[in-house]
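A.B. asks: Quick mapping for you: the protein sequence lines, in order, are chains A and B. In terms of my numbering, the first sequence opens at residue 2 and continues consecutively. In terms of my numbering, the second sequence opens at residue 16 and continues consecutively.
These are computed hints drawn from the structure, not numbers from a lab. Hints may contain errors.
Just some of the chain B residues that point at chain A, by a computed CB distance under 8 Å [what the hints assert, rightly or not]:
id: 1; residue: M46
id: 2; residue: S57
id: 3; residue: L60
id: 4; residue: T63
id: 5; residue: Q66
id: 6; residue: G67
id: 7; residue: Y72
id: 8; residue: F76
id: 9; residue: F81
id: 10; residue: Y116
id: 11; residue: G119
id: 12; residue: S120
Heads up, simulated DSSO-like pairs for lysine-lysine below, C-alpha to C-alpha not over 27 Å straight-line [said to hold, decoys possible]:
id: 13; chain 1: B; residue 1: K80; chain 2: A; residue 2: K109
id: 14; chain 1: A; residue 1: K70; chain 2: A; residue 2: K59
id: 15; chain 1: A; residue 1: K113; chain 2: A; residue 2: K58
id: 16; chain 1: A; residue 1: K43; chain 2: B; residue 2: K22
id: 17; chain 1: B; residue 1: K22; chain 2: A; residue 2: K59
The beta carbon of each residue, even a glycine, is placed where N, CA and C say it ideally should be.
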Amino acid sequence: ILNVEQSPQSLHVQEGDSTNFTCSFPSSNFYALHWYRWETAKSPEALFVMTLNGDEKKKGRISATLNTKEGYSYLYIKGSQPEDSATYLCAIRAWGSQGNLIFGKGTKLSVKP
Amino acid sequence: SAVISQKPSRDICQRGTSLTIQCQVDSQVTMMFWYRQQPGQSLTLIATANQGSEATYESGFVIDKFPISRPNLTFSTLTVSNMSPEDSSIYLCAQTGDYGYTFGSGTRLTVV
């Protein structure tokens, strides 16, 4: 059974701070890694889908890297804003799956103005 | 990408009763996934629903407890049967696309 670990569990930063979170996963059977942002009372929103070792993706102030050989991904937020406050979910799709994802518990980010 | 309407958004139910959650997609999708998130836990897959065939349930989930309907390629329901407080969770439907999953808005269920 794949196990996806995210750290830290929660994070409190000041507006303008840059921050990063970690997602760890077993490197065998890896097919793709997803990052989502989940704001309270809303649907989880896809941020990135990454497949290749060394992949780096960017969307505005948010970026992510992927290391499939050692089984980790980092999500970076530059200059955090209060609207970045959300739970950030990492999920793995394994080879041979029907497309279902295995999620970590998430990192809850709170950005204080 | 597809847009999924999910309802109800929240409900408080008595133990022993059942609740049916509906997801309507604005385009045809082959597979739909049903997840739940219990308090403090990760999103966990309940089952995968294909149109025209029985849903595939993950270990620990059974059809009698979580019957799923998938009458066409744009609609699916999940019923939480004979509810107990342990069923208090957020339930989400989802479909897969080129840029990741699209999720419904979620159903926050509290069983008292």
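A.B. asks: All the hints need checking, so say for each whether the structure fits it.
C.D. replies: Hints versus structure:
no. : hint             : result
1   : M46              : holds (6 Å)
2   : S57              : holds (5 Å)
3   : L60              : holds (5 Å)
4   : T63              : holds (5 Å)
5   : Q66              : violated (14 Å)
6   : G67              : violated (15 Å)
7   : Y72              : violated (12 Å)
8   : F76              : violated (12 Å)
9   : F81              : violated (15 Å)
10  : Y116             : holds (6 Å)
11  : G119             : holds (6 Å)
12  : S120             : holds (5 Å)
13  : B:K80 <-> A:K109 : violated (31 Å)
14  : A:K70 <-> A:K59  : holds (21 Å)
15  : A:K113 <-> A:K58 : holds (26 Å)
16  : A:K43 <-> B:K22  : holds (13 Å)
17  : B:K22 <-> A:K59  : violated (33 Å)
In summary, the numbered hints that this structure violates are 5, 6, 7, 8, 9, 13, 17.
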